[in-house]
Amino acid sequence: MKPLFYILRKTIKNWLLRLKREPAKLIAYIVCIIFFLSAIIFGRSDIGGKSVLDPLLYNAIVGAFILIFTVPDLYSSINNGATFFRSADINLVFTSPISPQKVLIYGFLKQIYSSFIAVFFVLFQGYTINRFSNIKSYGMGVIIFGLFIMLIFTSILKMLLYSVASKSQRNKVILRNTFKFLGVVIIIVYFIELYITRSPLKAVSSLLNSSVIPYIPVYGWAREIIISSMNGISIMFFVYTGLIIASGSLCSYVVYSMKLDYYEDVLASTELKETAIASMRSGERFVQTGKKTRVRKVEYSKRGTLASAIFWRQILEYKKTGFALINVMSVVYAVIAITAGLFSPIKNLTLVLGVMIYLQLVFSFNSKWQRDLSNPYIYMIPDHAFKKVIYVTAVDNFKNIVDGSIVFVIIGIFFKSSILLIILNIIAFASIGSLFIYGGILTRRILGAGNNIMVTALIRIFILVLIIAPAIVLLGVLYSLANSLIGMLIAYGAFITYNLLFSALILFLGRGVFENIEL
Amino acid sequence: MLIVQNLIKKYGKELAVNNISFQVDEGEIAILLGPNGAGKSTTIKSIAGLLKYDGYIEICGHKNKTIEAKKVFSYVPEVSSMFDLLTIYEHIEYIAAAYGIVDYKDQAEELLKRFDLSDKRNKLGKELSKGMMQKVSICCALITHPKVILFDEPLMGLDPKAIKELKKAIVELKEKGSSILISTHIIDSVDDFWDKVLIMKNGNIVLAGTRQELMSRNETLEELFFEVTEEKE
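Read top to bottom, the protein sequences are chains P and U.
According to our numbering, the first sequence holds residues 21 to 539 in order.
According to our numbering, the second sequence holds residues 266 to 498 in order.
A few of these clues could be false.
[To be verified] The calculated SDA-like cross-link candidates involving lysine to any residue, where the alpha carbons are at most 25 Å apart (straight line), are:
hint	chain 1	residue 1	chain 2	residue 2
1	U	K385	P	S96
2	P	K322	U	K429
3	P	K122	P	S96
4	U	K429	U	G365
5	P	K45	U	E279
6	P	K322	U	G390
7	U	K385	P	K45
8	P	K407	U	G365
9	P	K45	U	G365
Calculated directly from the structure, the hints in this document are not laboratory data.
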């Protein structure tokens, strides 16, 4: 194990030294830490505005969170294996005279780092959690502890699942079918609850508050640990912690004593991981390779010329994977819209606009313009830089109009909203979308491509939030003051004007992007 | 013609290219040699306009980042990158459209045939191997009839037939009067067709000269390379 610990030790040491050499990154980390610490501190001191969190709702949220973040991960580990290795590990560690078990432990130790990072992001929810008076003062600490211990166990379980699956095809099928069986059981129980409660939301809540959950090994226990942030720490908290540690140790022992030959499978999954990382770096959406890509046969008839060729190429790409600008993402939006239309307790389109803006912020990292900027061709096209910016972003702008129309028309019909309000929301959504696009280009010009995906992403989110914050505040304040149609028109008008004006201004500032940024 | 004057490129505090100047005339093949980390790729990327730099770079009488310059030069990067959802042929069609080239179909067919891509023309960018991507990248560069062409390690990943065809294509470009700059660290691969050599080390050009000038020294290119790049004991 000594050489493996050497790699880990040196990696940490060199990471720290790099921070010393690149103070900008260090500052970014410090800003992030201050950001979440202040969220926790100010969240706690804001006693006056505190509200009470419904324990049933809290149980359901924690349960859903655990389900969403562990089940897909565990299921994929059956096929993709222990994805905590990088290609350097394969080339230099797998080929060295070290036993596969030790290599697996090394991979596991590396995974702990990833778990730390994942928990770190939860810390940003500190403010939201501390807003509730029935969350204990040490609640955040308990949540972090629960999540951390659960994520570490998940890593071990992934190793075990993969080790068992890699032994034979039969094992793989059995494990997959077990997951499917459990999935079917959950769905059946859900429908029984639905039949009893006659409400989809109540059925979910009832399912996730089942008295059986505390008896479900590890994940049920982890939920109980996290719930202690509301119920307080009791003896059971320590019992559950002990049980999880014991289960983790048992799984580790089983993995360690198995005769393992997993290198070949890890090779393929690591290649996938490297491709995913490379895609993330260049802002591309990662599509699992290895399978033949299914695309529609489309005639590349309209090609444009000079900078407009970028626009028509992007249209061609969309046509290949969907119908014009309607693709999988549009279907996702449509499903969200139908679900919100059917089940949302508050029938307010402006609230939907708020949620859509949040989703746009998340998905702004997966836009066409960003993928184009990682390719040298666009820089070399002999046309004006300004035209290139316009054409490379045009499709994303149109896509926002299409997606906005899908969401607001569907929800508008369900909410029985006026046509005027639906149109205003579509324009508002598209206008803030353009602010995201040109704000993104501006941050790209300021930050460059960035080698550190996470730091660059955090700074970019920070800048984007800074740019859109006045627009949101403007809409929020004017909308809350508006009690007539004219007032609402003024609120939306001001919001849209701000977005378009600032988009134009940022576009003007970022127009030289192709002359001033580095590939 | 390509003119590079007082080119300086820094990555943070690190000096990657240190005030270099050179020129590649019409119908001339210049090779940029040097050990790893010498600054070859940085020089090529600066000329291609992909990096910010200090100094002056001129392509056929125009500054390298102008539209006029971009119309007449092409670049084959060291690591090719393709559009995932475009086929090989659509890549060529896209570049033709982006450069405003109308009559390209015959030449596109010729290039596909030359680089054994005819039967793979409908393969998507994301389905290509590294070598195939490199071939497509070369086809995209050649379809624009460049007056100046920059190759960054062009032979990496190519099969023997493609290497042979690329060498032939380079000589044809030279005969048509194009200025060609090839960055490489494999001396053997370019030994038979270079006109000018620029050897870089630690961001500096440590040796520059034409074939005629260097022939008088009665040394092979490899011997010259080691003489100027190896540390003196």
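Just pull the numbers of the violated hints for me, sorted ascending. 1, 2, 4, 7, 9
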